[in-house]
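There are 2 protein chains.
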Amino acid sequence: MSRKKYIYDFEEADWRNKRLLGGKGSSLALMTQIGLPVPPGFTITTDACRDFLKCKEEEINSIVAKLERLPKPEERDRLIKELWEILSGLELPEGLMDEVKVHVKRLEEKRGLKFGDKDKPLLVSVRSGAAVSMPGMMDTVLNLGLNDETVIGLANMTGDYRFAYDAYRRFLQLFGKIVLGIDDKLFDEKLESIKEKYGASTDVDIPFDGLKELVDEYKELIIDKIGFFPSDPWTQLEMAIKAVFRSWMNPRAIYYRIANKITPDIADCTAVNVQSMVFGNMGEDSGTGVVFSRDVANGENKLYGEFLPNAQGEDVVAGIRTPLSIDELKNRHPKLYEELYDKVKLLERHNKEVQDVEFTVERGKLYFLQTRNAKMTALARVKTAVDMAKEGILSREEAVLKVKPEHVLQLLYPRIDESSGAKPIAKGLNASPGAVSGQAVFDPDTAVMWARDGKEVILVRVETKPDDVHGFYAAKGILTSRGGMTSHAAVVARGIGKPAVVGAEALRIDYGERLFRVGDVVVREGDWITIDGNTGNVYLGKVPTIEPELIPELRELLAWADEFRRLGVKANADVPEDARIAREYGAEGIGLLRIERMFRKPERLEVLRRVILSENSDERLEAMYELSEMIKSDFKEMLEIMDGLPVTIRLIDPPLHEFLPKPEELLSEIYEAEKNGDDGRVMELRRLYKRVVALTEANPMMGHRGVRVGVTYPEIYKGLVKAMLEATAELILEGKNPILQIMVPQVAMVEELRFVKKTAIEPVRKEVEEKYGIKIPFMVGTMIETVRGALTADEIAREAEFFSFGTNDLTQATFSFSRDDAENKFLPQYLELGLLNSNPFETLDVKGVGELVKIGVERGRSTNPNLEIGICGEHGGDPASIEYFHKVGLDYVSASPFRILIARLAAAHAALKEKSN
Amino acid sequence: MSRKKYIYDFEEADWRNKRLLGGKGSSLALMTQIGLPVPPGFTITTDACRDFLKCKEEEINSIVAKLERLPKPEERDRLIKELWEILSGLELPEGLMDEVKVHVKRLEEKRGLKFGDKDKPLLVSVRSGAAVSMPGMMDTVLNLGLNDETVIGLANMTGDYRFAYDAYRRFLQLFGKIVLGIDDKLFDEKLESIKEKYGASTDVDIPFDGLKELVDEYKELIIDKIGFFPSDPWTQLEMAIKAVFRSWMNPRAIYYRIANKITPDIADCTAVNVQSMVFGNMGEDSGTGVVFSRDVANGENKLYGEFLPNAQGEDVVAGIRTPLSIDELKNRHPKLYEELYDKVKLLERHNKEVQDVEFTVERGKLYFLQTRNAKMTALARVKTAVDMAKEGILSREEAVLKVKPEHVLQLLYPRIDESSGAKPIAKGLNASPGAVSGQAVFDPDTAVMWARDGKEVILVRVETKPDDVHGFYAAKGILTSRGGMTSHAAVVARGIGKPAVVGAEALRIDYGERLFRVGDVVVREGDWITIDGNTGNVYLGKVPTIEPELIPELRELLAWADEFRRLGVKANADVPEDARIAREYGAEGIGLLRIERMFRKPERLEVLRRVILSENSDERLEAMYELSEMIKSDFKEMLEIMDGLPVTIRLIDPPLHEFLPKPEELLSEIYEAEKNGDDGRVMELRRLYKRVVALTEANPMMGHRGVRVGVTYPEIYKGLVKAMLEATAELILEGKNPILQIMVPQVAMVEELRFVKKTAIEPVRKEVEEKYGIKIPFMVGTMIETVRGALTADEIAREAEFFSFGTNDLTQATFSFSRDDAENKFLPQYLELGLLNSNPFETLDVKGVGELVKIGVERGRSTNPNLEIGICGEHGGDPASIEYFHKVGLDYVSASPFRILIARLAAAHAALKEKSN
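So the protein sequences, as listed, match chains A and B. According to my numbering, the stretch in the first sequence is residues 1 to 917, in order. According to my numbering, the stretch in the second sequence is residues 1 to 917, in order.
Okay, chain A solo, but in the shape it has when bound (with noise of 0.2 Å):
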């Protein structure tokens, strides 16, 4: 045959081929074929939506690419227009209703009932379903196959004529809305007024009389609008199943698409599952069910859902009826519990994840209809991948790439108390994760006054702009009314680590009136909300909120992931807490530790800006040596902290100026010892006030930093390492075991690197060996963090150790990106307007940084072996990121304290993806 076969029966389908049968047929085929009830039928794979599309492939997909420009509302309709009058005019591509007709056929043998037949009519659904999952976006006809001839077949074979014209009239509004495109609410006109002059309050009530009555009505309405109505099964058959082909192209399923970043064109297509029916409004022995394989919400393993007796699948959502818990069927009916039970235990098996699972139950017997891998919160998605590893589903490799980076993230955020029942009052995107409360303001100078005042806000804004960043850091969390994932809002609350909701839409914020309303509710300038980072809720007034801990499960992940991961992972930390933090959560040493922080207490910066103002050599050293003694103490702790681990200390980075007053700062204490007539200050300060001008630098981010303070004030570094050494050499005394590397910043060529081991590392090792008697062991290494310094590498690699790639300033040099001024800027801007994927200070851009990395690695292992290579940039926490970094083969990545469990976890993946490839 060379004809394409377009259709499978469900027993003889491929269910691995989901990209050809769709979700839904995939799932109804493995059911079937591992022995689950399910009703008979087939499916109409995607190939035979995309020939039907086909013919007008050109045309189509150029309207949807101008749909995805978002154009404005007017352009919109003209387009859906022109898009749904070419679709209508399609028709079903050549053979294909034959091919229909032979399963059909072969449906009326399994169940011994015939299409069309006034006395046992067969009845089918017909029910879209593409490879990705778009819950709702699609469409279904249910009982087709009736007309004024099978309906009474229908009531004969199951003795209930109410049940049957119920069935009919369900058949009619679906069709006529779904099919022939008559709009739903003509449909509910009619039945609102058939309840009211029944005096039925709900659909159930309406008596027979009524239901006839209705279909009579429906079907003149259907008359009215489209001039005929289709009583042949067969006609109907295909009508419907063109519709459903066309419903891959409505504009709701493409801006879906769009949303999701799932191609919006007609490469992907949608099958189309046409089943016999089974009725879970036959009575009290029916109905219909959703189960979860287990509780989504805690990870617990026990069948977990609802089931609504004597319904049909649309009546479970109209929620007219509150339906059983699982747990009361069970109650009510053991056996069927049971087979349930057992199946749906033998799906979670078969596919590996927990099951959310759809079942009809028609007079006292069970029939599958859907199963599809649950959606879980974060914490179910822990617990249950240990649980299932330890159950032996799966293994613990699967158990691991299971659990994705972002849900660890999420595990280490506030999130809402579920416990308290709070309602949201709307939803928006979940843009920056974390649940905070606090009181709505409307600007951010109110943002800034009100936090001065110690009040905790939020920051409410239709949209921001860059002006308005003094506001997100004076906020608690900010929700914003328009914008998505990578509105300006989304990208600096994201970047500066608050928590964000936006585009909610459903707020009406008024800035004059200082308030916005959702619906009824109104929220004024200082009423209490909350939002919640993580699922993109908001809610009244203050709900509790969860601080985050680590479950044991996740712990016990952890672990295996440590089996399987290659990099090292280290912290960053600079203060003591951050240390033991870091530790405790399973860092491998310090990575990073910048000691600038050690010089805010008042007394130590005092010191500090007497070296920097020091007139020579000399006394410039006997300042650096007094300041020394200071932070040895320092030092000491953290490195007894991290005992027999590793503790890489940065030498001082920042331009010295960062350290002295600023010249605001300073002009305004002259003015202020001028008006005192105090002159010997103000000349003390007039010569302050100039050496801080003289050493202001126009761009401080590439200006005297780093080494280049090592290079031109020797005497800072030998004190530093002075500190350094003698804090690890009264360790080594005390019996602990301190492991010392000295890191030094912003080298672009060897020569720095050599020269601040002769003039300050060298002399100052013998210096305090002497002192202590002992050999002091430490290495020293260099960030590869100008890019000079990663094209040189193999330069640098003689005279380093180790190597740390410090990304941030690396991305900043090789776009020319300012991160202070991008992120404030233009790049927000840049990520709208898709000229940027994702934020390249968050996520490492490896067509550009990530080469020099590259390179950097190849060029140091080319002359030193043995060195030892990490990163400890932002993007050692990143998932993406350290994906790379496994792949050019670092040794370790340094994270923030916060973020060592999720780099454990993301190099555990790096390493399963690259076995498995």
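Take the hints with a grain of salt, since some may be wrong.
All copies of an identical chain are treated as equivalent in the list; a pair is satisfied when it fits inside any one copy or across any two copies.
[To be verified] With a cut-off of at most 27 Å between alpha-carbon atoms, the simulated BS3-like pairs for lysine-lysine come out as follows:
#1 K177 to K190
#2 K476 to K690
#3 K690 to K662
#4 K56 to K4
#5 K476 to K427
#6 K766 to K72
For the record, the hints were derived by calculation from the structure and aren't laboratory data.
Fit chain B to the known structure of chain A by using the hints.
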């Protein structure tokens, strides 16, 4: 013979082997072998010297290494003493004296004299001669072989007793000083007292008796100091050879080599030339002279030099009698002149270089003692190269290679008018070229104040610091009494293009009295002085200077250079006068037209500010189109000047806040307005101030600039493109041939370029082409000045028709050095410490930036083989960098108009050097 041959007669030595024979030995061998009359002699090779020093190699090199670090005086003196002791203990290599004897024997035969013979004594000179010229640094002994007996023989042989004893006393003094290490002053004192005793005003006036008495006193002095006087000529010779060998390591020579970056250790050594004496002091038909084969000042093709009758070489140096010019020699001794002329020209032809020749006439017979390549002015260098090519002595290629780019550079700076006869009062290092006059000032603040008053000042300092830099900008030139070619003053002056003389050590600067002294001369603040950065000379008063001009020979030479070069040469030119000069200097187009200067006119700046402060896109575009109209004529003029040649116009590059008033200015304006109670103005200024502050950046170099402005405000780029395209269209309609290239700056990703083309260039092209009704041919390309741009050049080249490397920014990004900050803060120190060999903003850093250029070229051409690639950074005018750009295959360099000539020459050199490799 297994032992090394240490000695070569002039007849047998291979004169090409300068490293073995030294410069002098090589020239003596050459002259001998091409038939010039040279007193016979032999050369003891540098190998012998090396072997002499070798047994203490380690100790010597270690001391030299310490001296290289320029220790403090006490330490230095200690080291020098130690070195002297080591050197004094050294013995000549075994067998060397036996070999000397064999060669002396041959000498005796050639001259018919005998070494140490009391009747016909052979006298020799013993001279050093290293491969590198180190004028005046090393030692010579003349008349060696004299003692109480041989002096009589010499007297009898010459019939001139006075001459013989004069020779003897000269020998004793030189031998005593150089070989025996006796203080020269002791000899001079005795000479002075004899002169006094005999009433002789000069040496020549001392009668025979006086000379005899002086000889006795000299011998006594030697015996007194050393314990004996070595009468035996062989002992004298052995001691003299040792002394010359040792002189390679005398402190003067070591320091000379350190200063001139010649390896200061024993790797290179000196040779020793032993040559039979001829005497120019044997009467009026004798004499000694120096002659250049052409005029080294202006290049004229005539002998030039001087001749001192009846004198030995040292008498010329003593300057007691005025020598004759060579022209006078011609008149007096036409035959002699003729022989001299022919042989000097023979040497010139042979060496293909203007020669600097030493000769002696002994009783009418001409002898050549040395020839070397003459040092010439830049003017002479150019003229002689062209002349010699026309005379057939040089090929055109050779002529082009003779002239170095720095010679051309010198011809382009104002220089002292030599005809003024001004005599320098001091000499320092020629740190930054150009001659300039100004009033002396002694501190930078005064420099600024006086300059504001319209005065022209020279900043005079002992040395300069970063704090002084504002004075550099205010001054016409800089003069320091301390520091070398890489001192702060030198580096900064070169950096900003101000003439400078540094390290003029004769200046005694007194800041307190605000004056400096040179000997008796006193220069007070406000006195006029002139400095010549081309030569290092310092003059009193206003010395006339000559403005540069293009001499015809230079034009001719560059025309030849144009034939040899492959690299194109374009100009960086922003204004019509620059463009005209550039075209006149041979630029093949404009490689970089920066438009920012066009906005300086107040009425334009005002519109630009409106553009920047616009509240929305429409407002911005309207203002921008207004500006566009204003600048169109500028583009027309530039394109017209370069008619038929490409003009590359860069879209706006600096951050927008550079076009707004400074915040400080606004604050004081607000203050003023408040005082005047002008509330409206205050409000307006406050708004402006807020906007300015919002636009201010932490690191503007890496901020919101270049294409980032084009992305966020496409209206600005649209307006600029409109002006360019309309200018082009109008010129085409006028029958001209404008060749426009639009260049996008700061591109880091192809997406940026694509965006600019799509949003700004293509729409405007359509608009303008419709308006004028013609197709407008033009190219779109990009600067490659971000690291990422270079790394992703393959992607960018798909959208760009040309690349132009912006090596200024690329250097900043590669080193993470902000140029503004680096040159004023740490770069001078990096150069002083030797961490950098040259300022990477002047000479391309090949290892880092150069590699990125190479990567950019390779990747760019990999996807777009037709890509035109140039460079428009400052390095485009730097010869060493140009050589590299040639090597990596760029199509052209673009340099400031001023540097076009240099670039043309350097490009030719690069091509010729490549050919010869």
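Numbers of the earlier hints that this structure fails to satisfy, in rising order: Hints that this structure does not satisfy do not exist here, as all of them hold.
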